[in-house]
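Mind docking chains B and C on chain A? Use the hints.
One letter stands for each residue in the lines below.
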Amino acid sequence: MYRSHVLICNGTGCHSGGATETTEAIKKEIEKLSLANEVAVVPTGCHGMCEMGPIIVVYPEGTFYCRVNPEDGVEIVREHLAKGRTVERLMFRESERISVASYKELPFYSKQKRIALKNCGYINPDSIEEYIGHSGYEALGKCLTSLTQEQVIEELKKSGLRGRGGGGFPTGLKWSFCAKSPGPKKYVICNADEGDPGAFMDRSILEGDPHSIIEGMAIGAYAIGADEAYIYCRAEYPLAIERLKTAIAQAEEYGLLGEKIFGTDFSFEIHIKEGAGAFVCGEETALMGSIEGKRGMPRPRPPFPAVSGLWGKPTNINNVETWANVPQIILNGGEWYASMGTAESKGTKVFALTGKVKHTGLVEVPMGVTLREIIMEIGGGILNDKKFKAVQIGGPSGGCLTEDHLDTPVSYEDLTRLGAIMGSGGLVVMDEENCMIDVAKFFLEFTQRESCGKCSPCREGTKQMLIMLDEITKGNGKIEDIKKLEELALMVKNMSLCGLGQTAPNPLLTTLKYFRHEYEAHIIEKRCPAHVCSGLITFTIHADKCKRCGLCTKNCPAKCISGDKNTAYVIDNERCVKCGTCIDKCPFKAITKE
Amino acid sequence: MSDKPKVATVWLESCAGCHMSFLDIDERIVNLLSQVELTASPVTDIKDIPEVTLGIIDGGIGNEEELHIAQELRKKCKILMVMGDCAVFGGINTMRNSLTPEQVLKGAYADGATPTTVNPSGKLPGEDIPKLLPQANAVDRYVNVDVYVPGCPPDADAIYYALSEILAGRIPVKIPADMTRYD
Amino acid sequence: MIKLHFDGKECTGTKGQTILEVALANGITTIPTLCWLEGLHPEGACRMCVVEVEGSPKMLTACTSPAEDGMKILTRTDKLKEYRKQILELLFAGRNHFCMYCSASGDCELQALAIEHGMDSVRYPYLFPNIENDTTSSDFMVDRNRCVLCDRCIRTCQEIVGACSLGLEKRGWVTNVISDLGEKFGNSSTCVSCGACAQACPTGTITIREQAYRGRRKDCDKAVEATCPLCAMGCKINVHVRRNSLVRIDGVTGSKYADGGQLCRKGRIELLRASEGPRLTTPMIRSGAGFREASWDEVLDLITEKINKADKSKSGAVASLMTPIDELKYFAGFFGALGIKTDCREGRVPPEAKYVKESHVRSADDSINDRENEVNRMRSILAASPWLGVGSEPSEKEPVGKGMLSLDFLFFRTTGLVEPCVDVLDALDHSKFSVVQTPYISHPMAYLADVLIPAAAWFELAGICEPAVSIKEMCEVLESLAVRLAIKIKEV
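Chains as they are written, first to last, in the working numbering: chain A, 1 to 594; chain B, 1001 to 1183; chain C, 2001 to 2492.
Extracted from the complex, chain A is given alone in its bound form (with noise of 0.2 Å):
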């Protein structure tokens, strides 16, 4: 029995932070201490609050440690494993003074309700033994053993869960229609393609909890009869494939995959193949087709993947967050996880809150939870308190929302009302130093670069989209150009093929609803008022503040500010790159930008 449990992430984010050498810091610290027996170091998943990394996590106290690099580790061992005494300086501070001490008070922490990353942070992700005693393969058990196909499509439906990938689609009807199809051969698929910008809920769950989705699968290849499954897995997560790949192992070693399991006449075997690159390889037939080894392009559905998928076989395919939610839904009942939410957005729902807020990272909340309890109390407010503008949701695919619907609560009706979408979690907070045409640029730059190129109003349609909203930013956009930016939009919205060239014209289509007057501002009177558009910023000395010593032309990249002790120092506009070092390297605040 271990005293104390020092729970180290070891999710990319920290390991990017220097996790590794953070914990083996530690355990040579504790092997020092001969502290080897009473003090067990587990690396889990992410905890969520991906700003602070590393993490550390001490048990019984629930101590949260942020920022700790190895140095800092090994004073933990000394200070606080050794002799009982808290670290102060590494614990959460919720400002100057208020430094807290247990996780849990957190209200980062205190108000998510984390079911699909309930182990994630608690368990070690490569110990198929921590997971089985987290009650891990008891709601597989429980299916094969008692339960029938019927009777886990109906928990499913009663649960009320919904496709967490983004499209929504209620989970246990979906099922259904793949149970109904005739076999013998059927498939099931794991999108973990995540390919939203920014979004990186999938990942934590594949990093942190991965045989959480290997149950999910297992018990969803029961219901609809299939024995087969495909992992898709996009290849810039190698941490993630790395651990399924242990994870599955481990399982088939403990006859939890393969054939008969649990005693019973149900087999079943995942593969994972790797994704290459391609964001269209989330869209659900455009992955088939890359698992197939041919070229990732959507097809028209009819027919659907439930009667016709991989190889033309009946296949069912949910995303990573949905599939970790199956095993605790037939554990606690699907009434149980229908007590969460709204009336049509049921249970609880991975976001990816980023942007200009002071904590960044995962926070799982149960839906109807409102925008402004997410973004102001649990993410803690706006980055050096300035002022909210707007926050994107869903994003590539997804809208902006203003200050106005901050009190929408977080579900799919409620948000496809406002013309967002919840999309797969992305959420990106946006402050008054954010331009919102440059924010349409950006996402509409990717889903042109993704394009899988197949049909017309996409491929050639988002590029001219693209245009139109670069010459803006440059200062040359003309007032017609909103009508033209309009019609277009809907036209690609209405006549794409797939769900990427459908939704690649809403972060336009809700900043012009919402943000018009930016628009405005860009086009008619040349100025964009986050200034941030390269073209319609100019840079300006104050001759009032400037005391001529000189810094700013020595610093400036593109030798384009002149001047001496005795002239005026000025900036030529039109060779200047915008790049600000001038600003930052005067003593005075005599330079701004407008």
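Think of the hints as simulated: they come from the structure by calculation, not from any bench.
Heads up, the beta-carbon is just placed ideally off N, CA and C, and yes, glycines get one too.
You may find that some hints are simply not true.
[Claimed, not checked] Below, computed lysine-lysine pairings styled on DSBU-like, alpha-carbon distance capped at 35 Å: (1) Lys-484(A) / Lys-1078(B); (2) Lys-1174(B) / Lys-2170(C); (3) Lys-2170(C) / Lys-478(A); (4) Lys-2222(C) / Lys-493(A); (5) Lys-478(A) / Lys-2081(C); (6) Lys-474(A) / Lys-1004(B); (7) Lys-2170(C) / Lys-2009(C); (8) Lys-2081(C) / Lys-185(A).
[Claimed, not checked] With the Cβ distance kept under 10 Å, some of the chain B side facing chain C (calculated, not the full set): (9) Pro-1042; (10) Gly-1091; (11) Gly-1107.
Just chains B and C, lined up with the frame of chain A:
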């Protein structure tokens, strides 16, 4: 002082084929000229463009002079009609757009297909020729256009149809599909 | 049986058909298409065929969506027309489309759609991509500036030809059609140069050099379905004719015939090229190094004289197996009655496997078997004791042996479509008197023959064009000779 509507035509970056096609309306030109006063035009050789009702542009815009003329005509006319693929779509002139203006001039004046005795030093023209714009393009990229008559050249019938409709006041004019061509 | 409405008109179809199939079967022509081609798996990529369905918020592509009973479909609403026009303008703006000098102008589906939708200007900025023309192939020109990425070429090469030579590279607006894994068209190792992609291409992206600028399909007087004479496959061809000149030869797309709609390079290109030679219109007799025109009587009298003088055992007659069967029967019967040995060369070889997908050799239509049986029968009759061959010496027992020997009389009926083989040229070279019946004055036969008799070209025999009046059919020629020689032509 006649109160007949005034018409001006210009040819910009073009082969003049569209004006030839216009003349192809044959005897219908008699009827047409009785209804309008043709002012500045390559056909009449009047250089200065007065205020006109209808301006017709043949050819695309590829250098500053052409741009200037197009803008001037646009200011001086109520209705602007463009005829021919070069004016409507950019046409053959846009073939040079994969090269920079410098490369175009070098190719024409220095590295020509045949060595030239007229320019043995390979000197490139400067202020003697109007400055090339970075790309040759259609007229409507620079000024607002009211009527389009595509073709290379457009059928004489299509040109005549457009002119008759404009003169009858039936604007906007859309050339019917059986008279539309892009070659 | 299911019932659908198209713009209010009731139509019937069967379950399993797509909306477009039902429409076409019922004569509805209001659904525009670009990436759809009969015989290919539909893709729904161009979005031209999108239609509105009453009661459904989603618009569907007619080419891929299954037709359901009771559907009420609107094909030409204002919204659809505007959307289609926008897509066409986007396509024109995206690449460099120069109609004025394009060989496909007038035949181009993109152009036709744009004109139909009243596109008289393009509202989007032109992108002027810098795509190099691909001139690496001697048979084809590939100008990707005209490509609309309909993927018809790729699908044709995959589904109909089976070579799978074409594919796509990159993503976004720089997506491009490539050969193999990025080869130029002419350097591809998998391409069989059949030209099926060129026929499938709706624009002027892939064009056949031989066909370019000969004329547009709509300028042609007629398009006649015939059978390609070049080999035993007997693929169906569609021959476009303008003023008695062949303009273009297409395969018959969607053909349910054994060829599956596939036509090979020989049929598409070589046949067209070979059909254009200088024609022989009157009989000619050798005069010094050249020829002089002669009347039929003079020539037939001369031939009669030579046959009478010739040692029949040292004479021979060779026919091309591409000659129509009826003519071959006369040929065999005439020379058989004279006791002159016959042989056959040229054509009717089994198709090369690489040109035709495996499935095409399994003929679904038995008529090809019947024709083949007949040809094989004639081949065995004509070449019963083969005497024509390269490299063997004559002997006492077989004076008309194989190889180089001096024949008294030689008659060669050729179609002029393929290069004559060495054996025949040898025999012509070494014979004392030779008669060549050919549609074309093609070398080297013109150097070697003593008498040239005009023949109808293959397309005249097939009824595609009318031959000149001065040309007599072989049957008539042989009948005239039989009368002069006072013999009766054997039944074969």
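For each hint, the structure was consulted:
Note on Lys-484(A) and Lys-1078(B): the hinted pairing holds, with a Cα-Cα distance of about 24 Å set against a maximum of 35 Å. Of the supplied pair hints, the one linking Lys-1174(B) and Lys-2170(C) is violated, its CA atoms being roughly 39 Å apart against a limit of 35 Å. Restraint check for Lys-2170(C) and Lys-478(A): satisfied, since their Cα atoms lie roughly 32 Å apart, inside the 35 Å limit. Between Lys-2222(C) and Lys-493(A), the direct Cα distance comes to roughly 44 Å. Violation of the 35 Å bound is thereby established for this hinted pair.
Between Lys-478(A) and Lys-2081(C), the direct Cα distance comes to roughly 26 Å. Compliance with the 35 Å bound is thereby established for this hinted pair. Pair hint Lys-474(A) plus Lys-1004(B) does not hold up; C-alpha atoms about 45 Å apart against a cutoff of 35 Å. Simply put, Lys-2170(C) and Lys-2009(C) have alpha-carbon atoms about 43 Å apart, too far for the 35 Å limit, and the pair is violated. Restraint check for Lys-2081(C) and Lys-185(A): the C-alpha separation of about 44 Å exceeds 35 Å, so the hint is violated.
A least Cβ separation of about 21 Å between Pro-1042(B) and chain C goes past the 10 Å threshold, and the interface hint is therefore violated. A least Cβ separation of about 7 Å between Gly-1091(B) and chain C falls short of the 10 Å threshold, and the interface hint therefore holds. About 15 Å separates the beta-carbon of Gly-1107(B) from the nearest beta-carbon of chain C, more than 10 Å, and the hint is not met.
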